[in-house]
Each structure stands twice: as C-alpha cells, then as structure tokens.
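Spelled out, the chains give:
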Amino acid sequence: MRPAWSIIFFTTISGLGLGLAGWIVIGLLPLMTPASVMGVGIATLALIGVGLISSTFHLGHPERAWRALSQWRSSWLSREGVLAVIVMAGLAGWFAVAYRGGYVPFWANLVLLGLIYVTVYATSMIYASLKTVARWHHPLTPVCYLMFAAAGGLLAVLAVLAILRLPITAALAQAAIVLMLSAWGVKLAWWRVAGMAPQAGSIESATGLGALGAVRPLMPPHTEENYLQHEMGFVVARKHADKLRMIALLLGGAIPVLILVLAPASAGALAVAVLAHVAGMFVERWLFFAEAKHVVTLYYGETA
Amino acid sequence: MTMLPEPSAIKLGLVIDLDICVGCQACVVNCKEWNTAGYGAPLADSDAYGEAPSGAWLNRVHAYEAGDGGDSRTVHFPKSCLHCEEAPCVTVCPTGASFKRAEDGIVLVNEDWCIGCGLCAWSCPYGARELDPAEGVMKKCTLCVDRIYNDNLPEEDRVPACVRTCPTNARHFGDLGDPNSEVSLMVAARDGIDLMPEQGTKPVNKYLPPRPRRAADEAPVSLVAMAEADTPKGFWKWVDSTLDRLG
Ligand code: SF4
Ligand code: SF4
Ligand code: SF4
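From first to last, the protein sequence lines are chains A and B.
Read the first sequence against the working numbering and you will find it ends at 316, with the numbers running on by one and no gaps.
Read the second sequence against the working numbering and you will find it ends at 795, with the numbers running on by one and no gaps.
Bear in mind the hints are in silico, worked out from the structure with no lab data behind them.
Note that beta-carbon positions come from the ideal geometry of N, C-alpha and C, so glycine has one too.
Treat the hints with caution; some may be incorrect.
[To be verified] Pair by pair, the computed Cβ-Cβ distance ranges are:
(1) B/Gln573 x A/Leu125: 55 to 61 Å
(2) B/Asp792 x A/Gly225: 43 to 49 Å
(3) A/Phe69 x B/Glu703: 47 to 53 Å
[To be verified] Selected chain A positions facing chain B (in silico; Cβ < 8 Å):
(4) Ala47
(5) Ser48
(6) Leu71
(7) Arg76
(8) Lys143
(9) Thr181
(10) Ser217
(11) Met231
(12) Pro233
(13) Glu236
[As the list claims (entries may be wrong)] Some chain A residues well away from chain B (every beta-carbon gap over 10 Å; in silico):
(14) Pro42
(15) Leu43
(16) Gly61
(17) Ile65
(18) Ala120
(19) Leu152
(20) Leu184
(21) Ala185
(22) Ser194
(23) Ala201
(24) Met208
(25) Arg250
(26) Leu261
(27) Val308
(28) Tyr311
Based on the provided sequences and hints, a complete structural model is requested.
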C-alpha cells in the first residue's frame with residue numbers, strides 16, 4: 013500500500029497527543045500553575061489537532077471533510093473522526109476547568125480516558141478492519157496502536173515533567189521503560205505474525221480459473237500504471253524492510269529506553285528521547301503501509 | 549447512508565462468459581465513452597498524451613493463461629464492479645457517499661458527498677474503484693443506471709453500454725435475484741462462479757467458466773486426415789484400384 017505522508021503524520025502525531033492526554037487526565041502530570049495548564053493544554057490539543065488536520069490533506073475534497081462525521085454506524089473512519097472531535101472538546105473543557113483551578117470529577121476523568129483510547133482503537137480499526145489487506149487484518153494491529161500511544165504518551169509526560177522542573181520518581185521512569193519495551197515487544201510479534209501474513213486467496217480464486225490448472229497473467233489490461241497499482245502495488249520498501257525495521261526499532265525504542273535508563277531527569281535528554289521516538293514511529297508507520305499487500309495485486313500476478 | 553440495506557429481491561448485475569470473450573476491449577472503450585458523458589463528473593484522464601498517461605476506467609479486461617500443456621488456454625477476463633451484496637466498499641465509507649440501492653442492489657457513489665479518501669477502493673478486493681484524477685472523487689461502474697431505466701433510449705439500448713457493445717455477446721445483463729431470469733438460468737446451466745469467495749463479499753455478478761474442451765484426453769484431431777478424403781472417387785478410384793491390383 014502506498015504510504016501517504018499526511019496519514020503517517022496523522023497517526024503518529026495524533027497518537028502521541030492522545031497518549032499524552034490519557035496520562036494527563038488521570039493526574040500523572042500535576043499541573044500546578046495556570047501557565048503550565050495553558051502551555052501543556054495547548055501543546056496536547058495541538059498535537060491531536062494538527063494530526064487530524066493533516067489527515068485531510070490527502071483527500072480529493074478536504075472542504076467536505078465534515079461529511080465524514082456522519083457514518084459512525086458502519087465506518088471506522090467516521091467513528092474515528094467523531095471520537096476525535098468529542099475527545100478534543102472534552103480535553104478543552106478539562107484544561108479550562110484545570111486552568112481555573114477547578115475540580116474534574118473522577119468519573120469524568122475515567123470517561124475521558126476511555127474515549128481517548130477508543131479513539132486510538134478506532135484509528136487502528138480503519139486498517140485492521142480491511143479484509144483485503146491480510147497484514148493489517150489481525151487482532152494485534154490495534155494492540156500495537158494502543159501500546160504505542162500509551163508508551164509514547166508516558167515518555168512525553170516525563171519530558172514535560174522535566175521541562176517544568178517537576179520531580180520524576182524512579183517508579184515512573186521504570187514504568188515508562190517497561191511500557192516502551194512492551195510496546196516494541198508487541199510490534200516485534202506483529203512483524204513476525206501479522207506482518208508476514210500471506211494473502212487470503214490466490215490468482216486461481218481471484219480469477220475462478222483454478223479448475224483449469226495454474227493461472228498466469230498473460231497481458232495486463234492497460235499499458236501504464238493505473239490508480240490501483242499506484243495505490244496498492246507499492247513495492248519500494250520491501251527491498252529495505254529489514255534495515256528500516258532496525259532503524260525504527262533503534263530510534264523509536266532503543267534510544268528512548270537508553271535515555272530513560274541513563275538520564276531519566278534531564279529535560280534535554282528526554283526531549284531528544286521524544287524526538288527519537290517520534291522519528292522511529294514515522295518509520296514504523298511508513299513500513300506499516302509500505303509493507304502491506306493488497307489482495308487486488310493477485311490480479312496483476314503478485315504471488316503471496 | 550452506508551449501512552447496507554436489507555438484501556433486495558431484485559439484484560441487477562452482469563454475467564460474464566469467459567468462454568467466449570475475445571479480449572477485444574470494446575466494452576472497456578464503450579464504458580469509458582458512455583460514462584464520461586453520463587452519470588456524474590466526466591471520467592478523466594491525466595497526462596493523456598504525455599510521458600505517463602493514466603486515467604479512471606470502470607471496466608478493464610485482463611488476460612490470463614490457465615492450465616499447462618495441450619489443454620492450457622488463454623482466457624480474457626473483463627472486470628468491473630460486481631455489485632456485491634455484502635459490499636465492504638459501502639460500509640467503510642465515512643461520508644455516506646457510497647451506497648447500495650435498496651430497490652435493485654446497484655452500488656453507486658454520490659459524487660457530491662464523496663471526499664475522495666480512497667478507503668472504499670482499499671476495501672474492494674476486485675479493484676473495481678478508481679479515483680478520478682481531475683475531480684478527486686471515487687469512480688466505479690454504475691451498472692449504467694442512466695441507461696437501463698432511461699425511457700429516452702430505444703428499448704434495445706436500455707442495457708449497460710458494455711453489454712450492448714460486446715461483439716461476441718460475452719456480457720449479459722439481468723436480474724440475478726430472479727431464479728428464472730435468463731441470466732440466472734445461464735448461471736445455473738454453466739455453473740457460474742463468484743470471484744474470491746473467501747472475501748465474503750457475495751458478488752452479484754457471476755462469471756461463466758470456460759467450457760471444458762471436448763474430449764480433452766484424446767489426441768488433437770489431425771487436420772491432414774481431415775483434408776484427405778479416405779475413399780477416392782472417379783478417376784482416382786480407378787488409379788487406386790489398379791495400383792492395388794498391381795500389388
Ligand atoms: S466489486 Fe468492489 S466496488 Fe463493487 S460492490 Fe464489490 S466491493 Fe464494492
Ligand atoms: S472515497 Fe468517497 S465514496 Fe470512497 S469511502 Fe471515501 S468518501 Fe466514501
Ligand atoms: S455496466 Fe456500464 S459502467 Fe458498468 S462496466 Fe458496463 S458500461 Fe461500464
């Protein structure tokens with residue numbers, strides 16, 4: 013599948029913002045001054061919002077994007093949009109109350125937390141629900157998205173704590189390490205299991221000609237690349253997949269964990285850790301698209 | 549509305565005969581011609597006379613080779629939207645632009661609502677949807693909805709453009725929901741098949757597989773033997789019998 017930059021940017025940045033927001037609403041980031049509430053609030057909402065806006069850049073008609081909020085009963089893309097809008101509104105309210113030194117009831121925090129993770133889940137289901145892409149259509153796909161949101165969010169929490177000169181307990185740093193390692197553990201499992209999944213079907217079932225014997229494409233239906241091949245026949249990544257996976261793992265996992273172990277209180281080091289993690293996630297998401305094969309490629313002679 | 553309607557009693561669709569399609573591409577061209585002037589925005593091309601011409605087409609004809617040795621054959625393979633009963637392209641659509649008509653099962657795109665996100669094309673296993681390069685909206689086979697119900701056309705033209713134009717009659721249009729319709733009888737007689745049944749899309753369109761070759765296990769008929777009459781007549785009969793007698 014062709015990786016669209018706007019979608020990679022959206023899932024990475026919004027995912028990080030949502031993960032960060034999840035930890036904030038359950039009080040992991042004690043925001044004492046109105047200024048810090050304002051700063052963190054704007055930063056969090058900006059991460060989620062900028063990601064969402066960028067996701068409309070690849071549309072043929074971005075001006076009609078609001079229509080995508082209408083079909084939540086059947087479409088995961090629509091659900092994701094609706095949930096993101098509700099979460100953004102909820103978070104804006106949450107930060108407004110905190111800014112005025114008010115008190116958000118416990119249940120409201122829990123509801124917001126739930127909505128945040130359901131939003132991340134909805135994002136992942138846009139891809140995981142597609143039967144046509146075997147490598148995405150796997151129960152581990154949403155787990156990866158959820159784990160990365162949580163791990164990246166906690167890393168960001170630590171960076172914000174350090175920047176605000178608030179204390180970072182050893183337990184929190186350890187939790188961030190464990191979460192980051194488990195997230196990449198799930199991703200490694202996904203690469204082995206889902207990421208290797210063969211296509212459902214074959215050129216024989218696609219053409220229905222299996223009864224005659226093995227089927228080979230003889231002539232393509234067009235002389236130049238068409239929309240289908242452009243969107244779904246993307247092959248560049250597969251050549252470098254192993255190297256790119258290593259780069260993703262190094263930047264997105266190893267460097268942040270190393271920093272968490274060596275300098276868990278340094279604002280500068282933690283900022284680098286967040287940046288490295290985001291860069292690693294870009295590569296991870298790029299591979300998520302680039303390595304995925306669409307079943308329509310069977311008609312064009314793709315084999316597995 | 550992208551919830552699928554209750555399965556309709558009438559299921560309009562195509563039956564495509566792989567035994568007789570000769571791959572002439574006439575249906576491809578006539579589909580493009582009709583649909584660039586019919587329903588919705590024109591079916592655009594990009595860089596049509598340049599280095600990398602591309603464009604949106606609703607119907608494409610592949611060609612495959614199936615089987616090995618003496619019994620292998622070339623099969624021309626037309627492919628357009630199958631108007632699936634469990635159409636994933638409809639349910640994934642976030643805007644309600646993609647829909648399946650409750651009255652006859654035709655799957656259409658409302659181009660005024662489509663945001664061109666492309667998700668429906670990703671969800672279709674058959675590659676039946678292509679984004680229009682000029683309009684930024686999704687294009688797909690309309691089953692020529694603007695012909696089949698069009699009272700302004702003479703009766704014989706109220707069939708899809710691809711069906712009307714096919715010189716070998718490899719494409720047939722009709723109601724596959726009615727077990728006694730001509731197309732349903734054809735499917736029953738020829739053991740019509742679904743493409744990629746494992747995808748669970750329940751296509752309405754059916755394909756008629758190539759007929760088995762007569763006596764596939766016998767050696768091919770010798771053309772030389774066919775050309776030479778086995779019992780000579782007239783003058784040659786006399787020559788033949790005379791030479792026989794000479795021993
Ligand atoms: S063939 Fe593709 S576009 Fe047509 S109804 Fe089925 S899934 Fe949808
Ligand atoms: S491209 Fe248009 S028709 Fe297809 S899913 Fe997106 S909005 Fe719906
Ligand atoms: S039914 Fe009409 S739109 Fe569909 S493939 Fe045939 S000519 Fe094209």
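- Query: So which of those numbered hints doesn't the model satisfy?
  - Reply: The structure conflicts with hints 4, 5, 9, 27 and 28, although it agrees with all the remaining ones.
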